[in-house]
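> Listed here are the chains, written in short residue letters.
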Amino acid sequence: MTFYLIRRVAIGIFLLFLMSAMFFTLTRVTPGAPISVGENPRIHQATITLRLHRLGLVDEQGNPYSIPQQYVQYLGALIHGDLGDSYINNERVTTLLMQRLPNSILLLGAALLVALAIGIPLGIFAATRQYSKLDITTSIVSYVGVSIPSFVLGIYLLLIFGVILKQSPLHWGFPLFGMHTGGVDDPLDLLYHMVLPVTSLAILQIAIFSRFMRASMLEVLHQDYIRTARAKGLSLEKVNYKHALRNAILPIITLVAIAIPQIVNGAIITEGIFSWPGTGQLAFQAVVDRDYPVILGVVMLVAAGTVLFNLIADVTYAIADPRIRY
Amino acid sequence: MVAATIAILVAACGNAAPSSETPRNGGTLIWAIDSDATSLNPFVISTLPEFRIMSFLLPNLYSLDKNLNVVPDLADGLPSVSSDATVWTVKLKKNAQWSDGTPITADDVIATEKIQADPTLDTDYSYDWSKVKTVEKADANTVKFTLSEPFAPFLAVNLVGYIAPAKVYGNIDPAKIRNDPVSKNPTVFGGPYKLDKWIPGQEFDFSANTTYFNGRPHYDKAIAKVITNATAAASALINNDVAWHPSLGESGAGGIRKAKQSSNVVVHTYQDLSYIDFRMNERKGHIFDKLETRQALSSVLDKASIVQAATQGAGAPLWGDIVPASWAYNPNAIVKYPLDVNKGKQYMQQAGWTIGSDGIAVRTLADGCAACTPVIKPGGQQKFVGKIRVRAGKPDRLSAAEIIADQVKQIGMSLTPDPTDFKVFYPPIQKGEFDVFIAGFSLNGDPDDYSTASSAQLQPEHKQGQNWTGYSNPALDQLIDQERATVKATDAETKAARKPIFDKIEKIISGDVQTYMLWADVSSMGWSSNVGGVVAGNGDNTIYYDSEYNVTARAGWFSKSGK
Chain C
1 MTFYLIRRVA IGIFLLFLMS AMFFTLTRVT PGAPISVGEN PRIHQATITL RLHRLGLVDE
61 QGNPYSIPQQ YVQYLGALIH GDLGDSYINN ERVTTLLMQR LPNSILLLGA ALLVALAIGI
121 PLGIFAATRQ YSKLDITTSI VSYVGVSIPS FVLGIYLLLI FGVILKQSPL HWGFPLFGMH
181 TGGVDDPLDL LYHMVLPVTS LAILQIAIFS RFMRASMLEV LHQDYIRTAR AKGLSLEKVN
241 YKHALRNAIL PIITLVAIAI PQIVNGAIIT EGIFSWPGTG QLAFQAVVDR DYPVILGVVM
301 LVAAGTVLFN LIADVTYAIA DPRIRY
Chain Y
327 MVAATIAILV AACGNAAPSS ETPRNGGTLI WAIDSDATSL NPFVISTLPE FRIMSFLLPN
387 LYSLDKNLNV VPDLADGLPS VSSDATVWTV KLKKNAQWSD GTPITADDVI ATEKIQADPT
447 LDTDYSYDWS KVKTVEKADA NTVKFTLSEP FAPFLAVNLV GYIAPAKVYG NIDPAKIRND
507 PVSKNPTVFG GPYKLDKWIP GQEFDFSANT TYFNGRPHYD KAIAKVITNA TAAASALINN
567 DVAWHPSLGE SGAGGIRKAK QSSNVVVHTY QDLSYIDFRM NERKGHIFDK LETRQALSSV
627 LDKASIVQAA TQGAGAPLWG DIVPASWAYN PNAIVKYPLD VNKGKQYMQQ AGWTIGSDGI
687 AVRTLADGCA ACTPVIKPGG QQKFVGKIRV RAGKPDRLSA AEIIADQVKQ IGMSLTPDPT
747 DFKVFYPPIQ KGEFDVFIAG FSLNGDPDDY STASSAQLQP EHKQGQNWTG YSNPALDQLI
807 DQERATVKAT DAETKAARKP IFDKIEKIIS GDVQTYMLWA DVSSMGWSSN VGGVVAGNGD
867 NTIYYDSEYN VTARAGWFSK SGK
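As you go down the protein sequences, you meet chains C and Y in turn. Following our numbering, the numbering of the first sequence begins with 1 at its first residue and continues without gaps. Following our numbering, the numbering of the second sequence begins with 327 at its first residue and continues without gaps.
Quick caveat, the hints were computed from the structure, so don't treat them as lab data. By construction, the Cβ of each residue, glycine as well, lies at the ideal position given by its N, Cα and C atoms. Please note: incorrect hints may appear among the correct ones.
If you want a taste of the chain C side facing chain Y, the calculated C-beta under 7 Å gives, among others [what the hints assert, rightly or not]:
(1) His-44
(2) Ile-88
(3) Asn-90
(4) Arg-92
(5) Met-98
(6) Gln-99
(7) Pro-169
(8) Leu-176
(9) Gly-178
(10) Gly-182
(11) Ile-273
(12) Pro-277
(13) Arg-290
Pulled out of the complex, with its shape left as it was, chain Y reads as follows (with noise of 0.2 Å):
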């Protein structure tokens, strides 16, 4: 769906404190995957599940540490930056080896990337590398990457990430790489743990990788067992038959409560960095092409119930699109429309539309719309009639467009929800025939707008992008082209420095309802109390990041029994 990184990130809940034991190496570490991976081919994969299982395997460049702050893995310490902004030059670990014996050296970084940028390599995951003029290798251990210009989120976004071996897929074409049998059956692990065996539907075994450069992983083994049941998996951890189970959030509501209420157990819930909204069609002679048509629709919507109903307690209701888990999230710096029934009333006046006698609003459209199903003349009448495309499948999104429908009709706008397969979901929104759409977006670690704000990423008017609402604003373009510019010498310094640009993004984007935000998903995690090492961090949301970036903090975790 988005082209950006799956991440999850943890924040506190009661019930989690950080161990404090002594850790100690042995045992096993079984834990639950909710479906089986159609590849492990670090290039291939696509799904959260097949990332975790990697995030065992291969190491990072850099990683999110708990607070998404970006913190070295593979690398010796954070990039240094040229003082214009566009050499950024990596040292790697010397003692950091491969599960062969051979060194991981800067050979292995630039073949990652150059596999990543070919354009002819067949993954659904995209890549970006856009930005890279030159990628070259100063030393066996440093490699320099030579930027077209200044580019803040290269260090969350790029070099964040896995580097796999050269010599296993640098000789392999990247177009004919998905079928490639070493897809199937990898053997170079540079992560805490090696590969056994795969049983396809069954289970992943690992076994300790006693070389890993970040130090030995405390549990001997682990192993992956594929449960498609959810309820199974939830009560499987409280039975300890598992000790970790990522997903314990599709249980739903009952089996997160069992779960916190066992002592078996501990829990941490997390708003995570994908949230979902109400995208707008906004070109000209669409009904929300007024910004004043989106203010009312903003004042007659009762957030906080329609999250609450919809996802019943497993979303936090979000107003700018930066989620809370994101160091650039300012609650100050969003636009909040008060519930006001009659004020939206009157933004739809502003708006020239008036409620007609079927209680359905209508407006004159003096240029007609030819872009409108169906076709308006210049001069004609367009009634507020539209349709929410929603996703199948999706309970929580179909059930909020349905209150969304039903209180919008207070302002005479007519929606209609239509659940539609993901297959043909997305085409017609790329050509802009739609009227309205929920669904979910996932982020990176870095919290820039390019992809779905800017105007130079709106489609079908470009030929890429994932703005598809039609909104374009100027200012607002600026305001991004000047956070993505800023890079300072430390990340620190860089993050001081975007902050407040994010501000004035959030302010726009939010006082224009660029998109109706409607809630961060909010997520479970469990661990038998038997797992130590599990570390929480800090922060108002925060506790732990959990994706494919978290590959360290896999070999902290060990068993306090020892079995």
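Bound-form chain C, shown alone (with noise of 0.2 Å):
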């Protein structure tokens, strides 16, 4: 085990440092500068050159740095946790994410909790429960999940619950926008700005969750030491939960493994619908000005995060079920 951790975290680092490269490179190919006509023309070139110096582009007196050159530099600046300037925001790339991390974190933290609270038990039951009428009707409602990103249940939520009813005479709904009332700020109007967002974001993935859930719950259930268990006059619910259910978990682990560190990365189109100001609205402004060490910044977050919590799922494996040995 001990091995297989420095074995995968190996892979892990090589794998941020060639994905680094590759985005590094790409971001500095690609054409455009970060001052460019549109600012101001009256610019004077000493200044031009304290900024492009700053951003690590070019030298004290205005040479400009190689890809390879300025490569070097981010990757000892990043060792450090320190992802450069925004070219656009006038800020520590490490402190524009630190400003908007916490804030997705807690969108799709709770979005994830949701789906998992309710997206597994409701697979459990579908499965044990298969052919029933309540099977087909959540396996529809899970397909209908499936089909509808997001984004676009997301209009349709802000639509009908923050304008229609809010605009009819029962003068309901929820807010349109942002994390919290205008000068407002408690844990209680937090919540109801998060209803919207964290369902939109959760449909999704109750379905997917669900689905999965039941597909896996059922090709446990038709093995045949779930059959010997049962023969042995084990009772239903022992059967189902202590049993299968734990074997029935595994596939679920890889999903919410992939899931987390989509978290870094934000729900980029529903923030933007509900102007929730975190990394994924951040990347998409960012995207939007081409300001590439915003983009990479996040890029780099994202990758982090899928190695590692791609180590967790499989360590968390092991734990779930003691056949697997690294």
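With the hints as a guide, bring both chains together as one complex.
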């Protein structure tokens, strides 16, 4: 296990290195300079040099660094947790990410928890009552949930609960935007603002988790050892929830491990729809503005998260299933 | 893009009516901005949302009123001008003070000018103080600007703008001002509100500056909420979640219509000071080098249908480069080419073009064209084939390019829209390596055409300038120089003397089709009907001026309900 962990960490670091080199090079060979026309045509050359030097693109005299030189500098800073300066925001990329990351973790973390809390029991429920009316209903609803992209759902939720109901005589609904009502900063108000974006994100995940859980559970329930357990006279609950569930949950661990790094990435479209100030919104704006250091920062954060959580998933496998040995 | 002040001018709309309620203090003004700020440093900010935030926080020396007239803000009266029109003396209001209780003095005005004029200033905003020889403090409340020559735009261009506290910004190296901590955390204010808190990506919280020199603002607090979704922002206005939505137009025709239908909302629809045009490379050997070719283009384009189809009603057809909102606008001074395809074909023939068997015009270039792509040797044939450079992500402009390309086929012009990312849009244009481009230009309060039409501003022929077309006309240059040098004792006299000159300028620019004007942007702004004190202006198109300059107007708004 220890050797396995060391090997996986080494591979992970190598992958991150490879990705950083690839994406760094891509951002540098793409046409368009950080300071260009459209900005100040009267700006002094010395000031441009100072800015470009701060961005790690030229030396103090204004001589451009080659891409490998820039990358070595970037890597040196990256090791110390410094992702450089944003081209647009007049701010360190690390600072920008730290401002937005908690908001995305809150939103997507809540959506993931809601999805797990609803999707897994729903999948188990459907599998243990295969072909019942409830199973069929759950399946249909799940298919619909999987088929609707979260941003489409978000727009409809916003329209129904944020506009139509609010403008109806009921005057009832949920907020259209942001994390808080202006000037308010309390947990209840936060929850109130989370309802629509969390719902729009969770529904797709609920559908996915319930489908996977149902399929996985059904596969396990048809295994010989389950039949044996039943034949030995164990109660249905014990068979389902002690013997079957533990084996059926393994594929879900992979799904969750893939979903967690996406929290770092933020829900680019959903955060935009609900004006949620997370990393997704930051990443989207960075793409629009061609703010390469920020794009690179988000990419590296997601890459690091993916490597880390895949490793955690593999370790969790071993805990969930004693037969798995590394 | 353009080194000019972003400004918006609001024009009359049916459901807007001046409020007659008595102003009362209290309540919170919650309003929507469509993106977060990247800085709160007055010398660094460059986007409209940033200027809107700043308009709550800092005073102007002079402002532009609802009809675009220059009016005093921090200044005590309009400036006095010396008989030779080179010395402008500005007196400041004696009761003006910063939020920390210290007076706003001539030192602050001088420090602001010095920072803006510093060639090393790290900003995306293009300040031009090149006409100013010296700035002196006559006394604590009087500043004397000495210019190198009479310069009429000085009042509306240089003296209309923010004044920043010298004690905060005066000691910062202008080259390093962008990343100075104060850029994210300003602490001293002189506008109607003070900034309490900036939550990145979420909101800006303001509280009333009770010592504001033009009188305490009526709202106790103001909150700018960042709402990136235009539809959500429009709905928020209708829901009364926000009381002011300055970018209502972003929600499209449907959003504006719903807002107008709502009894909760008052909408002002306005033609702003920005325009979109079709700018041709008129240098020798390029396809639009002859006047007759540009006249041919003007004769076959159905401007009204192009603008309507491209903007879906969010553009007003424009013929001259002085927008209707300006005091210098005169519709009778503009040359309009009527829609006449046969006349267009005649113009093409006069320019030496004949339509080939493939339907594309062709001509013989006696001198060739070394700057063309591909290079044409002397005596070689040139086909009328070119690209319309248009910014990617601007569907209205792309749509206009497609319609134009279709309409000019009738006279043998083969033009292809070429959507290009903004980051790489301008460098080839600056080098003169383009056929045509469609772009937007924003104007300030003065209609001066110098930067885009004077031959002194040709680029790449000169280091700086925005006359990228290559158009050069000594008669026009003389008129532009003349209007810039026309300064009288009062602003009204100066305008009266400059207006006939602008008429002549417009006649030349529109007659020579120096640029083919497309439309003036029509924008919309909405207020909750609970907001009082929103004053509409007079005039054909102008009812409300909203931009960084309208500081005092913010203070005049009030909550009718007191909430």
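> So, for every hint listed, does it hold in this structure?
Outcome of the hint check:
no.: 1; hint: His-44; verdict: 5 Å, holds
no.: 2; hint: Ile-88; verdict: 6 Å, holds
no.: 3; hint: Asn-90; verdict: 5 Å, holds
no.: 4; hint: Arg-92; verdict: 9 Å, violated
no.: 5; hint: Met-98; verdict: 10 Å, violated
no.: 6; hint: Gln-99; verdict: 5 Å, holds
no.: 7; hint: Pro-169; verdict: 14 Å, violated
no.: 8; hint: Leu-176; verdict: 4 Å, holds
no.: 9; hint: Gly-178; verdict: 6 Å, holds
no.: 10; hint: Gly-182; verdict: 4 Å, holds
no.: 11; hint: Ile-273; verdict: 5 Å, holds
no.: 12; hint: Pro-277; verdict: 3 Å, holds
no.: 13; hint: Arg-290; verdict: 5 Å, holds
Violated hints, listed in ascending order, are 4, 5, 7; each of the other numbered hints is respected by the structure.
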